[in-house]
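Chemist: Sequential numbering from 58 applies to the sequence shown in my numbering.
I should point out that these hints are in silico values taken from the structure, not numbers from a laboratory.
Mixed in with the good hints, there may be bad ones.
Stated by the list, open to error - DSS-like, lysine-lysine: derived pairs with alpha carbons at most 30 Å apart: (1) K184 - K71; (2) K77 - K276; (3) K184 - K305; (4) K211 - K77; (5) K71 - K107; (6) K107 - K184; (7) K325 - K348; (8) K184 - K284; (9) K294 - K284; (10) K305 - K348.
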Amino acid sequence: MGIMGAAMAFNLLKAGHVLKVWNRSQSRPVLQELAAAGAVVESDLSACLKGAAVVFTCLGDENDVLDRLTGEADSVLSCLAAAQGRAIVVDFSTIGPATARLIAAKLEAGGLSFLDAPVTGGDVGAKNATLTIMVGGREDDFNQVLPLLQSMGKNIRYCGAAGAGQALKLCNQVLCAVNMISVCEAFTLAGDLELDPALVVDVLQTGAGGSWALANLGKRILQDDLKPAFSLRNMLKDLRLVFDSLEKESDICAAHLPGTALSASLFKQVADESVEAPDSYGTQAMIRAYKSHF
């Protein structure tokens, strides 16, 4: 139960849904908080999944998701394969379209349905149930779980077949990464021109150059708050997925993404030069790559 998954679980409970939760680490304090809010906290995955009609997962990377959903032991597939009824598995992780299609095929063969449903909106969106949720898979499965998704998000879109939600999420990550360059460079220019950097956020966020990154992460930069709304580690992982997808989908995709490549190199520079782990920082930590000028 990380930042995103825990907040989404609380919103399901607030909406009155019956919820059982399981986490790989049972020592997380948030599990006690969820129990106090009405969730049934299980220490065993199979017990958590027993009788489930809908299963939500939110994990770190594609290998974690693939193993936890389709592994031979102690996975969603192994626990639910013999169950009656066709459970719908909805994964909120960012794993790339190829992995999403692979998982969909494996779960389908085991009698389960799968929706890839990556999210965007950061920790604030997760807490306030205003996330954007991009969904790929069978449309009838999407329609069935839509009321549950509406407890966690505001802009929920069906994007197409399995993997389509992941494809759109990667486009979103390209926007987030490149927007962060523009925010950092605007602050850098303002500093060199001896402007109050607060003007960059207060004035420009309402103009044509405004963006979510400027309005939200720009404020954190001003406060020297580099704590993660979305971690540097996860952004580096997602940009790797972007370039992995270009290789895996080379028969249909030949996109040239120089801005994305530059953002990846800047994020990596910050991660390499930092004493703390990359998951200690949010993407606004890119400003450290410009710090000698800011």
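Chemist: Next step is simple, just say for each hint if it's right about the structure.
Modeler: Status of the hints after comparison with the structure:
1. Proposed proximity of K184 and K71 is supported: the alpha carbons are some 11 Å apart, at most 30 Å.
2. Between K77 and K276 the CA atoms are separated by roughly 37 Å; this puts the pair beyond 30 Å, and the hint is violated.
3. Under the criterion of a C-alpha separation no larger than 30 Å, the hint pairing K184 with K305 is inconsistent with the structure, at around 35 Å.
4. For the suggested pair K211 and K77, the alpha carbons sit about 23 Å apart, so the restraint of at most 30 Å is met.
5. Of the pairs offered as hints, the one joining K71 and K107 holds, with about 23 Å between alpha carbons and a cut-off of 30 Å not exceeded.
6. Among the hinted pairs, K107 with K184 is consistent with the structure: their alpha-carbon atoms are about 28 Å apart, no more than 30 Å.
7. For the suggested pair K325 and K348, the alpha carbons sit about 15 Å apart, so the restraint of at most 30 Å is met.
8. This hinted pair checks out: K184 and K284 have alpha carbons roughly 16 Å apart, not beyond 30 Å.
9. A hinted pair counts as satisfied when its Cα atoms are at most 30 Å apart, and K294 with K284 qualifies at roughly 18 Å.
10. With a C-alpha separation of about 36 Å, the suggested pairing of K305 with K348 is violated against the 30 Å cut-off.
The earlier numbered hints that this structure contradicts are 2, 3 and 10.
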